[in-house]
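Trainee: My request is simple: use the sequences and hints to build the entire structure.
Heads up, the sequence shown is in our numbering, so the first residue is 1 and it goes up one at a time.
In short, the hints are calculated from the structure, not lab data.
Treat the numbers as computed from the prediction; the structure is a model and nothing was measured.
Cβ coordinates follow ideal geometry from the N, Cα and C atoms, glycine included.
Be careful, since some hints might not be right.
To be verified - Label pairs and their in silico Cβ distance ranges:
hint	residue 1	residue 2	range
1	Arg95	Ser29	34 to 40 Å
2	Asp97	Arg50	33 to 39 Å
3	Gly36	Arg132	48 to 54 Å
4	Pro61	Ser146	19 to 25 Å
5	Leu113	Leu56	17 to 23 Å
Unchecked claim - Pairs of lysine to aspartate or glutamate residues, derived as DMTMM-like cross-links and limited to a Cα-Cα distance of at most 25 Å, are as follows:
hint	residue 1	residue 2
6	Lys147	Asp22
7	Lys147	Asp30
8	Lys51	Glu127
9	Lys93	Glu123
10	Lys48	Asp134
11	Lys51	Asp81
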Amino acid sequence: MRLTTKGRYAVTAMLDLALHTDSGPVSLSDISNRQGISLSYLEQLFAKLRKQDLVLSVRGPGGGYRLSRDQSQIFVAQIVDAVNESVDATGCKGRSDCQGGNTCLTHHLWCDLSNQIHDFLSEISLENLVMRQDVRNVAERQDKDSKMSANAPQEKITAALIS
Numbered sequence: 001m002r003l004t005t006k007g008r009y010a011v012t013a014m015l016d017l018a019l020h021t022d023s024g025p026v027s028l029s030d031i032s033n034r035q036g037i038s039l040s041y042l043e044q045l046f047a048k049l050r051k052q053d054l055v056l057s058v059r060g061p062g063g064g065y066r067l068s069r070d071q072s073q074i075f076v077a078q079i080v081d082a083v084n085e086s087v088d089a090t091g092c093k094g095r096s097d098c099q100g101g102n103t104c105l106t107h108h109l110w111c112d113l114s115n116q117i118h119d120f121l122s123e124i125s126l127e128n129l130v131m132r133q134d135v136r137n138v139a140e141r142q143d144k145d146s147k148m149s150a151n152a153p154q155e156k157i158t159a160a161l162i163s
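Mentor: In structure tokens, the structure reads:
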């Protein structure tokens, strides 16, 4: 079973956005710092997410992104689909040329599995994930780590001035 980095990063970034949406628009640089995803990669992902009406961009000072609708109305499968990814358990990437240009014996089994996974992800909303305590615990740790790393340059300057 394969879900590419693009799909994983898109879901991670959208979950981060959902977790921080109460404080207004969220900048991609904040998501980048918390999740360790490059800013340029996030820009590419969010262009696709915006085209699929999953996020809205807010321009100007204090701008960033926000969800286009309630967390309960955005599902993981929509996010994966929005960045042109698919969950594919076949060895041939769904082309039916698994065995010397022909369909292999188990091709339809793996197609069925791919469909089941997609259906499963279609039932999980961002709200479902945000409500999970394990997700909240990780988000709290990431927030603390992000604040500590943001303060590190200031602490070095302060230490240099004191000494």
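Trainee: Compare the structure with each hint and give your call.
Mentor: How the hints compare with the structure:
| no. | hint | verdict |
| --- | --- | --- |
| 1 | Arg95 with Ser29: 34 to 40 Å | 39 Å, holds |
| 2 | Asp97 with Arg50: 33 to 39 Å | 35 Å, holds |
| 3 | Gly36 with Arg132: 48 to 54 Å | 21 Å, violated |
| 4 | Pro61 with Ser146: 19 to 25 Å | 21 Å, holds |
| 5 | Leu113 with Leu56: 17 to 23 Å | 35 Å, violated |
| 6 | Lys147 with Asp22 | 18 Å, holds |
| 7 | Lys147 with Asp30 | 10 Å, holds |
| 8 | Lys51 with Glu127 | 21 Å, holds |
| 9 | Lys93 with Glu123 | 24 Å, holds |
| 10 | Lys48 with Asp134 | 28 Å, violated |
| 11 | Lys51 with Asp81 | 12 Å, holds |
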